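Colleague: Chain by chain, the residues run as shown.
2 protein chains.
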Amino acid sequence: MSDCIFCKIGAGDMESDIIWESDSAVGFRDINPQAPTHILIIPREHVPMIADANEEHQELLGDLILTAKKIAEQEGIAENGYRLVFNNGDHGRQDVYHIHLHLLGGRQLTWPPG
Amino acid sequence: MSDCIFCKIGAGDMESDIIWESDSAVGFRDINPQAPTHILIIPREHVPMIADANEEHQELLGDLILTAKKIAEQEGIAENGYRLVFNNGDHGRQDVYHIHLHLLGGRQLTWPPG
Numbered sequence: 014m015s016d017c018i019f020c021k022i023g024a025g026d027m028e029s030d031i032i033w034e035s036d037s038a039v040g041f042r043d044i045n046p047q048a049p050t051h052i053l054i055i056p057r058e059h060v061p062m063i064a065d066a067n068e069e070h071q072e073l074l075g076d077l078i079l080t081a082k083k084i085a086e087q088e089g090i091a092e093n094g095y096r097l098v099f100n101n102g103d104h105g106r107q108d109v110y111h112i113h114l115h116l117l118g119g120r121q122l123t124w125p126p127g
Numbered sequence: 014m015s016d017c018i019f020c021k022i023g024a025g026d027m028e029s030d031i032i033w034e035s036d037s038a039v040g041f042r043d044i045n046p047q048a049p050t051h052i053l054i055i056p057r058e059h060v061p062m063i064a065d066a067n068e069e070h071q072e073l074l075g076d077l078i079l080t081a082k083k084i085a086e087q088e089g090i091a092e093n094g095y096r097l098v099f100n101n102g103d104h105g106r107q108d109v110y111h112i113h114l115h116l117l118g119g120r121q122l123t124w125p126p127g
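Sequences listed follow chains A and B, in order.
With this note's numbering applied, the first sequence has no gaps in its numbers, which climb one by one up to 127 at the end.
With this note's numbering applied, the second sequence has no gaps in its numbers, which climb one by one up to 127 at the end.
Bound conformation, chain A alone:
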């Protein structure tokens, strides 16, 4: 069995506040939110990093963005706007090595983005 906590969340083997499920992706609330709305969107497939992705993951990556867009509508933050963030590796401050997209909204995001 995988030791990856995001694989476990996707499989329903670890508790999380899931707000979106599709055949390909799962959306759940970040346990350490940085904005009034802070959702993580993960693919069900285990891919550790953006740096590991290649052409065969193009559809998966596009799906994560489109899923974030739909979740933003569901969460009521589409009109005011939001930010989408992928962290990759140490300098990006990636914490879990299963690709995940951060959706942040409900407040004014600032610049630079960290």
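FYI, nobody ran anything at the bench for these hints, they're computed from the structure.
Heads up, some of the hints might be wrong.
Distance ranges between label pairs, derived from CB positions [claimed, not checked]: (1) B/K83 <-> A/K21: 26 to 36 Å; (2) A/W33 <-> B/P61: 21 to 31 Å; (3) B/R42 <-> A/D30: 36 to 46 Å; (4) B/D30 <-> A/T123: 23 to 33 Å.
Which bits of chain B does chain A cover? Going by a derived footprint, with three or more residues having C-beta under 8 Å, they are [to be verified]: (5) 27-34; (6) 61-68; (7) 74-83; (8) 96-103.
Just so we're clear, the structure is a prediction, and the values are computed from it rather than from any experiment.
We treat Cβ as the ideally placed atom computed from N, Cα and C, and that holds for glycine.
Knowing the structure of chain A, use the given hints to seat chain B on it.
Modeller: Here is chain B on its own, set in the frame of chain A:
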């Protein structure tokens, strides 16, 4: 003719520091960099916002991410890591209404992402 400055950059009608070109996307240096490496990746197709994207743009969105991954390798920041950011609308602090992906690296990014 389009008034969109990113359409003009993609068409070669406005000067910019272009570092990547493909049939579908263009990468160029941000004129106001927030990190030692700060690249913008745009689709050649004009789509104003993530909020405007739908299933027909899934391939385009995945391509932007994969292009960023390849540019990170070219720029020598793949090993240490990087962050990818889409700003959407006011709260996301989107400045140009032609979808663009920020690639930031060459320093430790912090949290929250703005």
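Colleague: What hints, given by number in increasing order, does this structure fail?
Modeller: As far as the earlier hints go, only 5 is violated by this structure.
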